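Heads up: the sequence lines are chains U and C, in that order. Residue numbers for the first sequence follow our numbering, beginning at 15 and rising by one. Residue numbers for the second sequence follow our numbering, beginning at 15 and rising by one.
I should point out that these hints are in silico values taken from the structure, not numbers from a laboratory. What you are looking at is a predicted structure, and each value in this text was computed from that prediction instead of being measured. Treat each hint with caution, since some may be false.
A pair holds if it fits inside one copy or across any two, identical chains being indistinguishable in the list.
To be verified - Below, simulated BS3-like cross-link-like pairs (lysine-lysine); rule was C-alpha separation at most 30 Å, straight line:
hint, residue 1, residue 2
1, LYS195, LYS223
2, LYS279, LYS223
3, LYS182, LYS94
4, LYS182, LYS379
5, LYS279, LYS377
6, LYS428, LYS94
7, LYS379, LYS195
8, LYS379, LYS279
9, LYS137, LYS182
10, LYS377, LYS234
11, LYS377, LYS182
Protein chains: 2
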Amino acid sequence: MNSVTIINIGDELLLGQVVNTNASTMARMLTQSGMEVCNTVVVGDVREAIWQAVDEAMHTSDVVLVTGGLGPTKDDITKKLLCDYFHSELVESPVALENVRRIFAVRGFELTPVNRAQALVPKCCEVLNNDLGTAPCMWFAHNGHVLVSLPGVPHEMEWLMHNRVIPKLQDTFETEIIINKNILTQGIGESFLSDLIEPWELSLPDNIKLAYLPVAGMTKLRLTARLPHDYPLSAFHFPLESLYQIAGQYIVGEDCETLAELVHKTLTERGLTLATAESCTGGTIASSLTAQAGASAYFRGGVVAYSNEVKECALGVQHSTLEAHGAVSEETVREMAEGVRQRLGADLAIATSGIAGPDGGTKEKPVGTVWIAVADASHTVAQLLSFPGRRRQQNIDRTVNQAFSMLIHMICQKH
Amino acid sequence: MNSVTIINIGDELLLGQVVNTNASTMARMLTQSGMEVCNTVVVGDVREAIWQAVDEAMHTSDVVLVTGGLGPTKDDITKKLLCDYFHSELVESPVALENVRRIFAVRGFELTPVNRAQALVPKCCEVLNNDLGTAPCMWFAHNGHVLVSLPGVPHEMEWLMHNRVIPKLQDTFETEIIINKNILTQGIGESFLSDLIEPWELSLPDNIKLAYLPVAGMTKLRLTARLPHDYPLSAFHFPLESLYQIAGQYIVGEDCETLAELVHKTLTERGLTLATAESCTGGTIASSLTAQAGASAYFRGGVVAYSNEVKECALGVQHSTLEAHGAVSEETVREMAEGVRQRLGADLAIATSGIAGPDGGTKEKPVGTVWIAVADASHTVAQLLSFPGRRRQQNIDRTVNQAFSMLIHMICQKH
Numbered sequence: 015m016n017s018v019t020i021i022n023i024g025d026e027l028l029l030g031q032v033v034n035t036n037a038s039t040m041a042r043m044l045t046q047s048g049m050e051v052c053n054t055v056v057v058g059d060v061r062e063a064i065w066q067a068v069d070e071a072m073h074t075s076d077v078v079l080v081t082g083g084l085g086p087t088k089d090d091i092t093k094k095l096l097c098d099y100f101h102s103e104l105v106e107s108p109v110a111l112e113n114v115r116r117i118f119a120v121r122g123f124e125l126t127p128v129n130r131a132q133a134l135v136p137k138c139c140e141v142l143n144n145d146l147g148t149a150p151c152m153w154f155a156h157n158g159h160v161l162v163s164l165p166g167v168p169h170e171m172e173w174l175m176h177n178r179v180i181p182k183l184q185d186t187f188e189t190e191i192i193i194n195k196n197i198l199t200q201g202i203g204e205s206f207l208s209d210l211i212e213p214w215e216l217s218l219p220d221n222i223k224l225a226y227l228p229v230a231g232m233t234k235l236r237l238t239a240r241l242p243h244d245y246p247l248s249a250f251h252f253p254l255e256s257l258y259q260i261a262g263q264y265i266v267g268e269d270c271e272t273l274a275e276l277v278h279k280t281l282t283e284r285g286l287t288l289a290t291a292e293s294c295t296g297g298t299i300a301s302s303l304t305a306q307a308g309a310s311a312y313f314r315g316g317v318v319a320y321s322n323e324v325k326e327c328a329l330g331v332q333h334s335t336l337e338a339h340g341a342v343s344e345e346t347v348r349e350m351a352e353g354v355r356q357r358l359g360a361d362l363a364i365a366t367s368g369i370a371g372p373d374g375g376t377k378e379k380p381v382g383t384v385w386i387a388v389a390d391a392s393h394t395v396a397q398l399l400s401f402p403g404r405r406r407q408q409n410i411d412r413t414v415n416q417a418f419s420m421l422i423h424m425i426c427q428k429h
Numbered sequence: 015m016n017s018v019t020i021i022n023i024g025d026e027l028l029l030g031q032v033v034n035t036n037a038s039t040m041a042r043m044l045t046q047s048g049m050e051v052c053n054t055v056v057v058g059d060v061r062e063a064i065w066q067a068v069d070e071a072m073h074t075s076d077v078v079l080v081t082g083g084l085g086p087t088k089d090d091i092t093k094k095l096l097c098d099y100f101h102s103e104l105v106e107s108p109v110a111l112e113n114v115r116r117i118f119a120v121r122g123f124e125l126t127p128v129n130r131a132q133a134l135v136p137k138c139c140e141v142l143n144n145d146l147g148t149a150p151c152m153w154f155a156h157n158g159h160v161l162v163s164l165p166g167v168p169h170e171m172e173w174l175m176h177n178r179v180i181p182k183l184q185d186t187f188e189t190e191i192i193i194n195k196n197i198l199t200q201g202i203g204e205s206f207l208s209d210l211i212e213p214w215e216l217s218l219p220d221n222i223k224l225a226y227l228p229v230a231g232m233t234k235l236r237l238t239a240r241l242p243h244d245y246p247l248s249a250f251h252f253p254l255e256s257l258y259q260i261a262g263q264y265i266v267g268e269d270c271e272t273l274a275e276l277v278h279k280t281l282t283e284r285g286l287t288l289a290t291a292e293s294c295t296g297g298t299i300a301s302s303l304t305a306q307a308g309a310s311a312y313f314r315g316g317v318v319a320y321s322n323e324v325k326e327c328a329l330g331v332q333h334s335t336l337e338a339h340g341a342v343s344e345e346t347v348r349e350m351a352e353g354v355r356q357r358l359g360a361d362l363a364i365a366t367s368g369i370a371g372p373d374g375g376t377k378e379k380p381v382g383t384v385w386i387a388v389a390d391a392s393h394t395v396a397q398l399l400s401f402p403g404r405r406r407q408q409n410i411d412r413t414v415n416q417a418f419s420m421l422i423h424m425i426c427q428k429h
């Protein structure tokens, strides 16, 4: 496999003002494309530091990917530096200039000399057109190594990686083809599942690897196949028939990364609608579903019932239930789920009520006590969770995942 | 200033499975403590790669912070490597053993030899007690340089940095004291604000720097003061009186990082309650408020009204309004805000309705068309936004920020 070093440039990364998501996005895309990321480096907007990082990487890696330092408002330190490093000179690229002109025309702005300077690139590089921005993407080939300079703006970087850089790297280095498949299982622990499917796992060919990725309440199986770069894709398939024969009753979905994605896919495919009644999760269930385009096809809506009055007036929870059992109780969460399902006219409903922390617990109901209910037209299932920690966001996220898991379980059993 | 290199170890980081939030969290904490992060490096769980990164960093930086490779289930590659690097030997640390015993007692598990091995550390290091986990935090002093090895689990790392590592670094290197103050302004553009407060900015002493950080709909002013390590803190104050004299009418809050935090603080302090009615933001307003501990003091609840039926039945939007103007309209969003405020019995309300994208637009109402309304008992203010892009999450986030901004504006004017 070809080795890659990623260099992300930016003072804001070293000050900790911005999380370096570019490194992980690029690493994931490269890994999926048959390249091996050996290390990633962050340096500030300092010429000596960038030069040293580039020089070291060009000696140790086949491919060096550099992001940042290409903006028009601050000094184009990366471009000039690479021009010097490769002993080249800056020339105006017709391709890059045409791109800058096009983008300014779309935005209705006049092209100033500062903007036109964006089209200057080292003579020795190849410009990979950046459809989304004015900063050019530059490909340098040097002594069998490749260096690519990309803008640091995440969506431009991602578009360029997907459409320009990865395909060209795959061509240049004839990388293996990597194919992944996720299979989500539910209702069986990781070690039991591992024992159950061991015969199938042992029968997998050498070029297919299996990984177990536990996600709150589920186990994700990830199959990764490596194929020669010229393998005819239509001739390949994962040997899933025998997996379904052994463990089919535990498989709830394929090709999803998250439970929110699986819920989205399942409800969309089956034409079922959903309503939510959230207390301790405070809208996180609704927002993680509606973050996905197309959620309006199945998501009727939800109520974030933070106060008891809202539980009564918006969800129809009985006053006597709240009095007798409290907001965090099986009785209340059942009435919440049934109430929101009926009132919003949905096939299915999820409800949560609990104490997310870090404070607010009592001796009987300590921080981390959470009730979840899922309901359809004919019955309601409730479950009590007791999280050990007091970390609010973690308790919220685990509750959301467990609620999705319960919903999937109900759908798979009955719908 | 003392220079720092951060080394994060982990194959999962190089595969892009996990975003390296540790690097930015550590960088932010170090910057705030008067240290300068010069570069950050990610390497895999490979002895040679870690050794090389450590060796290079120990020659170029005063302080080297290393995370990862300390887990009990996989090989303790970091600990053994550091033991070899510093020519030491592994010994059982009584402090670390007592900590492992304590944690296993709390969890009710029996201490196995594998777990007991967690208490082995290089003889030459000082153990900084990790109250949250069994992996020891190790401090090595070597030729005037310091290397600290921390677990990679984010909450353990963060706790150790805050409680153990940073205080000891500050003692050892007598670092400057850094004090930050955020001032949020609203209702004036960045360049106008800059002109207005220029006399005040020019009068700031040399050890206080001002930065402008634009946040959707607002400008955050960040003041950073650097003081000698032995400066008496009680004698220091930022010269804010003259800023308030010049620009007081635009200042909406101090000491907040985000608008959600400012809304949380403002509502809590003023004893006002809030309800939300969200269509295109899908629960993100509610979840970003309820992510903060104590939200129940002011947040009554919310309705995620994704379908028109829910807008009618749960919020009381009139059928005729939806028929005549559509869901994405000033009339509808006003009725949503007023309806949720009344029905949930809150002092204030926020409502959103729009087309977040990437699809679903029409010629009259393209993707990115969003209406926001905020309401109190006496009146309602609505605003139309037109985002140029089709990226769903970005449009949702901008809508949330603009809604918070409008709410703060209403509160500051009237409450």
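Checklist entry - Which of the numbered hints above does this structure break? => result 4, 6, 7, 10 and 11
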